[in-house]
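Trainee: Sequence:
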Amino acid sequence: MSSSETGPGGQAHGSVKEYVTGLILSIILTVIPFYLVMSGAGSDTFTVIAIVVAAIAQVLVQMVFFLHMNGSSEQTWLTVSAVYTVFILLFVIVGSLWIFEHLNHNMLMGH
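Residue numbers for the sequence shown follow our numbering, beginning at 42 and rising by one.
Careful: at least some of the hints might be erroneous.
[What the hints assert, rightly or not] Derived CB-CB ranges, DEER-like:
no. : residue 1 : residue 2 : range
1   : N111      : I65       : 14 to 20 angstroms
2   : H146      : V94       : 42 to 48 angstroms
3   : A82       : V135      : 35 to 41 angstroms
4   : F75       : L108      : 20 to 26 angstroms
5   : L144      : A98       : 29 to 35 angstroms
6   : I65       : G136      : 35 to 41 angstroms
7   : S56       : M148      : 53 to 59 angstroms
8   : S122      : I65       : 35 to 41 angstroms
9   : D85       : S114      : 29 to 35 angstroms
10  : M79       : L101      : 49 to 55 angstroms
In short, the hints are calculated from the structure, not lab data. Note that the Cβ used here is the ideal one computed from N, Cα and C, for glycine as well.
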């Protein structure tokens, strides 16, 4: 592959170097949380924060190196749909946690 080949439909694809870089970063971002959990090297709070940070970084690596989302004007619709998806996911997750907390509070009020 060259530095940027054109595939079916005229869409640009990344180079082998770009894919290998994404693969190495993905492996590193997987091994770090795995090590923290298996070794017990940090406190529980630190481990959870590290897992969340690594997960967010992993999503960004996947989007940039494998989905080729680089913010160019040709990818405006793809970027808007990705932002919408993240918003919906956050809405569902935060809403679920809020409901769980209030449900727990309401169930324990009588005891």
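Trainee: A separate judgement is required for each hint: does it hold in the structure or not?
Mentor: Right, here's what the structure says about each hint:
no.: 1; hint: N111 to I65: 14 to 20 angstroms; result: holds (19 angstroms)
no.: 2; hint: H146 to V94: 42 to 48 angstroms; result: violated (29 angstroms)
no.: 3; hint: A82 to V135: 35 to 41 angstroms; result: violated (29 angstroms)
no.: 4; hint: F75 to L108: 20 to 26 angstroms; result: holds (24 angstroms)
no.: 5; hint: L144 to A98: 29 to 35 angstroms; result: holds (32 angstroms)
no.: 6; hint: I65 to G136: 35 to 41 angstroms; result: holds (36 angstroms)
no.: 7; hint: S56 to M148: 53 to 59 angstroms; result: holds (55 angstroms)
no.: 8; hint: S122 to I65: 35 to 41 angstroms; result: violated (28 angstroms)
no.: 9; hint: D85 to S114: 29 to 35 angstroms; result: violated (44 angstroms)
no.: 10; hint: M79 to L101: 49 to 55 angstroms; result: violated (24 angstroms)
Of the numbered hints listed earlier, those contradicted by the structure are 2, 3, 8, 9, 10.
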